[in-house]
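Enquirer: Residues per chain are reported as follows:
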Amino acid sequence: MTAMQIVFLITAVVTLFAAFRTVTTPNLIHAALWLILALAGVAVFYALLNANFFAVIQVVVYIGAIAILMVFAIMLTRREMRDRGKQTSGRWWWAAILGAVFFAGVTWMIEAVALPSQPTAAVPASSIADLGKALVNPNGYVIPFEVASVLLLAALIGAVFVAWTRHNS
Amino acid sequence: MIPLNWYLIVAAALFSIGLYGVLSRKNAVAILMGVELMLNAVNINLLTFWRYRAPTTTAGMAFSVIVFAVAAAEVSVGLALFIAVYRRFKTIVTDEIDLMKW
Amino acid sequence: MNNWLYIAIFLFVAVLFPTALVVVGLLLGPKRPNPIKTDTYECGVQTWGETWVQFKIQYYLFALVFLVFDIEVAFLYPWAVAYKALPLFAVLEGVLFIVLLTAALIYAWRKGALEWS
Amino acid sequence: MGLLSHPITLVADWLRNLFLGWGLSQGLTTVLLYLIAAIVVASLANGWVIFLIWFERKIVGRMQDRIGPNRVGPYGLLQPFADLIKIITKEIIFPDKADKPLYVIAPLLMDAAIIAIWAVIPLVPMVGMDFNVAALYTIAVGAFATLGIILAGWSSNNKFALVSAFRTVAQMISYEVPTVLALLVPVLLAGTMSLQGIVEAQHVWYIVLAPLAFLIYFIASVAEVGRTPFDLLEAESEIVAGFHIEYSGMLFATFYVGDFLHAFTIGMLGAVLFLGGWRGPGAEAYPILGLIYLWIKAFVVYFVGVWVRGTLPRLRIDQMMNFCWKFLTPLALILLVEAAVVDRLLLGFTPWGRGLVHLAINVFIGALVIAYARAYDNRRKRERPLAAKPGQYPVARPPQPAAEAQSD
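Protein chains in written order, with our numbering: chain A, 1 to 169; chain B, 170 to 271; chain C, 272 to 388; chain D, 389 to 796.
One chain only, chain A, in its complex shape:
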């Protein structure tokens, strides 16, 4: 077992535990903080995969923006912050069974297929520049690139339109 594998296993345990707490903690603010820990764990996975750019983007976008947005939304939609009572619906065991079955099925599938344990090649040093080129390459991903910006524009317009009413301020 190499050092990398040990790091991986520790990260996996922390991430999965944090994810588990995210979906089970009654206190929503705590759930959001556990979510942040889980997202940070995913960033470590990206670092282990040599996807430096994505490790950093994961932190900037998910922890720096999405998690903050969630904390704001939680604070905006509670009359009182301490959550009382049950937070799970009555059919939670259904969900648990479904999740377990899904996990078992996928694991069985993964184990059934022969997967390589070594990457085919090293990540080229220019991978970020390559990504940049591909995103604006007419034969590459220029349509998704521009559609993504339209999507973000639409999302902002929609969200501001829905959330913002003048009399509410």
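No wet-lab data here; the hints were simulated from the structure. One or more of the hints may lead you astray.
Distance condition first, Cα-Cα at most 27 Å in a straight line; then the derived DSSO-like pairs of lysine-lysine [unchecked claim]: (1) D:Lys485 x C:Lys308; (2) D:Lys488 x C:Lys302; (3) D:Lys769 x C:Lys382; (4) D:Lys714 x C:Lys308; (5) C:Lys327 x B:Lys195; (6) C:Lys327 x D:Lys474; (7) D:Lys478 x C:Lys308; (8) D:Lys714 x C:Lys327; (9) C:Lys302 x D:Lys769; (10) C:Lys302 x D:Lys485; (11) B:Lys259 x C:Lys308; (12) C:Lys382 x C:Lys308; (13) C:Lys308 x D:Lys769; (14) C:Lys302 x D:Lys474.
With chain A's structure known, arrange chains B, C and D on it following the hints.
Expert: Just chains B, C and D now, kept in the frame of chain A:
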């Protein structure tokens, strides 16, 4: 090196936990958190396959960038809807939003 | 990988420094709590009501516009890194992206989402 | 291979051989070397803060016609040490209603996030890491500082703390937008996100190529740190002390130290991104000179920050938000487009030719912006003239004490 299937199994576990959260939670924001976990699991898979099968190409990276954008759009509109719903019903517990039940 | 190793070690040291100082502070400082000292500090006035009160929507709207601009990082930084090798046409595609982003800003502005109060 | 020309490589090699000589494995030796490097850099940063605290208090004191610290040691130089000893022996109070684990984690997280920025700063030429996403990394660790503030406000279980934390976070994330956009300009001009690479690409300092982007970066960073004139979050007169109202002893000091360190760190980043980092005469031959150059440049940027702090009054929160979203952000977007389009058209130019064209266009844009701001100001004055006539105070004055009974 770390075997490829380790990543896949962790991602599957993360996805299952997210799925459980989406299905079992009552609060809408908590449901969205479950969705975030699922999206992250998908992204781990995309980048893992990129790293192990095609690190010299850009497809995996481009896909995950788009997933980031979609996740952000989903969160911003979703939370805005919850806030609008909260303003109308004074709750975002999904069981209690039952105007369209019948 | 070595870069990440250094950063991981540096993060560890970065956490260690303030932690060590706080631990020293905990060891050296007195510990004499009493109900008045550990009460919530509000200038001596009795606290009233729940602390975790509801906030105004404005915070959310700022965070929302911020989120859209934050995602742009994921697209524009690779574009900027590749910039030197791009033809003019590809540069203009990036500029189009920025223009659409500006349109988002202008919408939020005109809609009044950027007004405090 | 003299001690002067390669001091860091020399020491590193010596240590590496020493550790290997003890029979340690190659991997462990690397870890130990990195650990030593990290401790040295972090101690440098933290030790420097002690001086900065004295310097800033002294300078701001002089600017505001006070003497500043002058009792402990010559010129009050030992004052920070006295403060440190005092605060380290103070009681750390844990409020009853606080969420204790989070209450402790919050200041540590914030301070660690700021120290962590130093991991990627290229202190000297050649040595140090060439981390290919370093520029974004500085933004990413900032996210943890924001998180620390939310945690501090929320876990304190105090209305003032929570309100302040939310204001602070709204301010920090708002000003992160122009920061990120302004940071994109040097990345675009250098074609890399590695800070070492950005420094190496600056044959002409980027302050020449992008002076307005530097200004935006500087202003937005100062606002992110939350210093005067952007210190609403700890406006003593409004919300007591801000998000750290419940904190005391060393936990409070952690916030305080983090604030000073952050101020200098943005000076450091400004120097690396726009002022050529370690570049200077003879820096390549003698790396130590590079460190000194970088330090001086960072100190100059930091000093301007202190100067602004000592001079300007505090802004109102709506003014601050307007300034960010309706002035800095659009301007940063325009500058980004300008840099992208113009630099493409200047492909064949020499570095200085490129620099001068960029400078001319920046000056032009700057002049336009100033003209627009003037016009806007005049229009606003016409539409909403001040109630007071010339010679009178434009603000409401308290009623003149006709009788002594008014005062209490």
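Enquirer: Quick one, are lysine 485 (chain D) and lysine 308 (chain C) close enough, alpha carbons at most 27 Å?
Expert: Cα-Cα ~12 Å, so holds.
Enquirer: Taking 27 Å as the top limit, are the C-alpha atoms of lysine 478 (chain D) and lysine 308 (chain C) close enough?
Expert: holds (14 Å)
Enquirer: Decide if the proposed pair is consistent with the structure: lysine 259 (chain B) and lysine 308 (chain C), CA atoms, cutoff 27 Å inclusive.
Expert: Status violated; Cα separation ~37 Å.
Enquirer: Tell me if the straight-line CA distance from lysine 302 (chain C) to lysine 474 (chain D) falls inside 27 Å.
Expert: Cα-Cα ~15 Å, so holds.
Enquirer: Below or equal to 27 Å on CA atoms is what counts here, so check lysine 488 (chain D) against lysine 302 (chain C).
Expert: holds (16 Å)
Enquirer: Are lysine 714 (chain D) and lysine 308 (chain C) close enough, with their CA atoms no more than 27 Å apart?
Expert: Judged against 27 Å, a Cα distance of about 44 Å means the pair is violated.
Enquirer: Is the Cα-Cα distance between lysine 382 (chain C) and lysine 308 (chain C) 27 Å or less?
Expert: It is violated: about 47 Å lies between the C-alpha atoms, which goes past 27 Å.
Enquirer: Keeping to a limit of 27 Å between CA atoms, is the pair of lysine 308 (chain C) and lysine 769 (chain D) held or broken?
Expert: Measuring from Cα to Cα gives roughly 51 Å; hence the hint is violated.
Enquirer: Does lysine 769 (chain D) lie within 27 Å of lysine 302 (chain C) when you go C-alpha to C-alpha?
Expert: violated (58 Å)
Enquirer: Tell me if the straight-line CA distance from lysine 302 (chain C) to lysine 485 (chain D) falls inside 27 Å.
Expert: It holds: about 17 Å lies between the C-alpha atoms, which stays within 27 Å.
Enquirer: Hey, lysine 327 (chain C) versus lysine 474 (chain D), does the alpha-carbon distance stay inside 27 Å?
Expert: violated (40 Å)
Enquirer: Would the pair lysine 769 (chain D) and lysine 382 (chain C) pass a check requiring their Cα atoms to be no farther apart than 27 Å?
Expert: holds (24 Å)
Going through the hint list in order, the structure does not satisfy hints 4, 6, 9, 11, 12 and 13.
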